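Student: Keeping their order, the protein sequence lines are chains Y and R. Per my numbering, residue 1 is the first one in the first sequence, and the count goes up by one each step. Per my numbering, residue 1 is the first one in the second sequence, and the count goes up by one each step.
Since the hints were made in silico from the structure, they are not lab data. In this text the structure is predicted, and so the values were computed from the model without any measurement. Don't take every hint at face value.
Since the list gives no way to pick one copy over another, a pair counts as held whenever it fits inside one copy or between any two copies.
[Said to hold, decoys possible] Computed list of lysine-lysine pairs in DSSO-like fashion (alpha-carbon distance at most 30 Å, straight line):
| # | residue 1 | residue 2 |
| --- | --- | --- |
| 1 | LYS162 | LYS398 |
| 2 | LYS370 | LYS339 |
| 3 | LYS75 | LYS313 |
| 4 | LYS102 | LYS344 |
Protein chains: 2
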Amino acid sequence: MPTTDHSSPKQSRSSGEEVLEKFNAKVGQKIEVETVDGLVTAGIVIPRYEHADSEYIVLKLKSGYNIGLKADSIKKIKVLEMASISTKTEDHANKAPTSERKNLLLLSTGGTIASRIDYRTGAVHPALSAMDLYASIPELDEIASIDTEVVFSVFSENIGPKEWQILSEKIIQRCKEKSPHGVVVMIGTDTLAYASAALSFSLIGNEMPVVLVGAQRSSDRPSSDGALNLKAASAFAVNSHLPGVYVAMHETENDDYIAIHSGVRVRKNHTSRRDAFESIDVPCIARVMENQITMTGGRKQGAKKTSDSYKLKSKFDDAVALIKFYPGFDYSILDYIGKERKVKGVIIEGSGLGHISSSAVARISDLTKKGVFVGISSQCIWGHVDLNVYETGRDMIKAGATPLENMLAETALAKLSWALGNFDNVNEIMLTNFVDELTPRIPLSQD
Amino acid sequence: MPTTDHSSPKQSRSSGEEVLEKFNAKVGQKIEVETVDGLVTAGIVIPRYEHADSEYIVLKLKSGYNIGLKADSIKKIKVLEMASISTKTEDHANKAPTSERKNLLLLSTGGTIASRIDYRTGAVHPALSAMDLYASIPELDEIASIDTEVVFSVFSENIGPKEWQILSEKIIQRCKEKSPHGVVVMIGTDTLAYASAALSFSLIGNEMPVVLVGAQRSSDRPSSDGALNLKAASAFAVNSHLPGVYVAMHETENDDYIAIHSGVRVRKNHTSRRDAFESIDVPCIARVMENQITMTGGRKQGAKKTSDSYKLKSKFDDAVALIKFYPGFDYSILDYIGKERKVKGVIIEGSGLGHISSSAVARISDLTKKGVFVGISSQCIWGHVDLNVYETGRDMIKAGATPLENMLAETALAKLSWALGNFDNVNEIMLTNFVDELTPRIPLSQD
Chain Y
1 MPTTDHSSPK QSRSSGEEVL EKFNAKVGQK IEVETVDGLV TAGIVIPRYE HADSEYIVLK
61 LKSGYNIGLK ADSIKKIKVL EMASISTKTE DHANKAPTSE RKNLLLLSTG GTIASRIDYR
121 TGAVHPALSA MDLYASIPEL DEIASIDTEV VFSVFSENIG PKEWQILSEK IIQRCKEKSP
181 HGVVVMIGTD TLAYASAALS FSLIGNEMPV VLVGAQRSSD RPSSDGALNL KAASAFAVNS
241 HLPGVYVAMH ETENDDYIAI HSGVRVRKNH TSRRDAFESI DVPCIARVME NQITMTGGRK
301 QGAKKTSDSY KLKSKFDDAV ALIKFYPGFD YSILDYIGKE RKVKGVIIEG SGLGHISSSA
361 VARISDLTKK GVFVGISSQC IWGHVDLNVY ETGRDMIKAG ATPLENMLAE TALAKLSWAL
421 GNFDNVNEIM LTNFVDELTP RIPLSQD
Chain R
1 MPTTDHSSPK QSRSSGEEVL EKFNAKVGQK IEVETVDGLV TAGIVIPRYE HADSEYIVLK
61 LKSGYNIGLK ADSIKKIKVL EMASISTKTE DHANKAPTSE RKNLLLLSTG GTIASRIDYR
121 TGAVHPALSA MDLYASIPEL DEIASIDTEV VFSVFSENIG PKEWQILSEK IIQRCKEKSP
181 HGVVVMIGTD TLAYASAALS FSLIGNEMPV VLVGAQRSSD RPSSDGALNL KAASAFAVNS
241 HLPGVYVAMH ETENDDYIAI HSGVRVRKNH TSRRDAFESI DVPCIARVME NQITMTGGRK
301 QGAKKTSDSY KLKSKFDDAV ALIKFYPGFD YSILDYIGKE RKVKGVIIEG SGLGHISSSA
361 VARISDLTKK GVFVGISSQC IWGHVDLNVY ETGRDMIKAG ATPLENMLAE TALAKLSWAL
421 GNFDNVNEIM LTNFVDELTP RIPLSQD
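Extracted from the complex, chain Y is given alone in its bound form:
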């Protein structure tokens, strides 16, 4: 790539743009800059606005502050998160938002974001219409033509396998009928990440991006995040052309960029902050700022090729349980859910690499002998389970437990409910990587 290009007088670039181009860096990417003085600083390149001095590039630091770096003081730029496929998408989002009008299907299921969408007046709108939406967030009109529907209206702590199925069927049906460019689902944040995982499996084969979005603060508060999240979710849904299920939420406490997370690798990690949602073991997939989408390389390895037999399977079985191990764990709970409650599968959140106490291992054996699937994730959240390192783990494998690599416990529960609802070969399904619910181990330093 040439370092400079002054051939087009209409597009004469500033020295800020030139230095970015020289090092193959783009707006929205996270970069590390080294200056001629040897100073090193890292941040996200933010767009240069009309009023800004064009001799600088501007970085948003982790602290939330912006700093300007004079272009001619820059010795080296290292892109920390590579852009992958964004040019076409960026062009769409930047240059043709209105000329080629996109269709968005916006579904509401309840939660803070749907119940109080009017962020300027503070008025409560429990029901949702396109008119309401345009009235409260006029910018949505620039992004897409919106078709809305209330699927149900509940707090997300009351959403479970039954509601995942209703929602999946609704999306499949409406996408067939109307072929929108994308789908956005407004949902409460409490169990948003469980629902995004569930839909990630039931919508395998669906060709439109589906983006789940919520709000951590209602619109009657100055810090409401719903409107910005919804705009970013909508922009990504209609412009990304990436089939799959995603979550769009604030990446920082600031009202600047919204992270697009993989539906199976995201977790709510704070009770109240606006940037409560984090991608686990991977970077987020993209970043949306001012309707501009930048891919951040979070889906490098891609998902497996999927046969038709796994596509659009929308059933969920609720005979599943998620049990967290703890010191002094009462292993009779495993007997109880197996015998009395007749669960067909259980996910155990073990400690560390996935362990449970030696005394509880025999109970795994009782369950697996009866055909109950026992999957092992870790309560550590980050990292892979490994039942081959210590004696306890090897005993768990002998008892029939299935270690689930780095599948999040929440994702594992949703996948198990889906696997039991649609297939006989549950063990095989649970260990097949469909949508990056399993990702490779990051090599450990010095090993």
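Since the structure of chain Y is provided, determine the placement of chain R on it from the hints.
Tutor: Coordinates of chain R only, in the frame set by chain Y:
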């Protein structure tokens, strides 16, 4: 404080030292530096070694890399984590490690760190003697005179309330008999954070620092972390003069500084990384590098004054359970543990601000009417629960649930076991802040 002091010829300071002193910054602190060019970068000040150029200060960046900043290019330094009370401690650790020999009680309970302590030869030492230790980590001899004892030898997934009690009684007894300057407990990392929470309560009133330490990698691997963790734990135990229970583990993937965490605010957040342990909702308490202790301000608000009736209460009751809520939660599990298992208390990891599904709320009522304590933490891990924001939460309070602010679920389980083992007023105990298991809400931006 004067910006420079050249009065003592023996201690002539370099310009690097001067600029640190000018802004009241110290080695080991995390600082943000602004240069005359307007560049801003943050990192931890690391010591200047003999061979280093004294005109620079050296920062360790989050990435693990070091950068040198020329002293005369520095415009401003902002200390991000204040040192609080460390001068005396630092002097002890730096200048008099051998002249005033300290006594350390080193207890072993099993786990990776105790079973394979010889990090150079790779030999396995399941039993532990002071001789073994000095042989494999000679530097320990410079830190303290060590008295060792094997309390038990089990993987930490098999450590529960019964073992917490044995360990507490052992520490209380040995501290009375021998008055060591500090105590270090080697333990498996799987349930280390549960045990550190348990001991934080049972050792209220114990006057010596007690530091729990583990290893994420055994000593036969080049990346073994056990020796460095143990050295730092020992240095902090004998030199800090801070009664309380702490955890010493790698703060980064590098072999540089070891974080000292509060025993009640720490969590194992990665299955395998050496920096798996993190302080939650607070900074770590101190940082140890090359036997030098720097306080990082993690315990600002201090613990409550504690009456004698809460001191050295070492009993733990195992009639407790930790239940994680999930979508489609089978609430009959609450009935089962109440009626069949006769638990006296349960901690529920709710979603978001602490919610469980509406259908399960009646089960809380059944439990609390029978006198079972029901405490609510959040599976989000970070942040405070709040049952006053939404209807579900208010119903949970009406049903008798006790929201536990930002007490970690793991800490809450250990505290409940301790409260039931020693006191009648469990509700009051659970809501009393003894050792920073409850910390204030961090004000949210723009609210």
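Student: Go through the numbered hints given earlier and state which of them the structure violates, listing their numbers in rising order.
Tutor: Hints 3 and 4 contradicted; others consistent.
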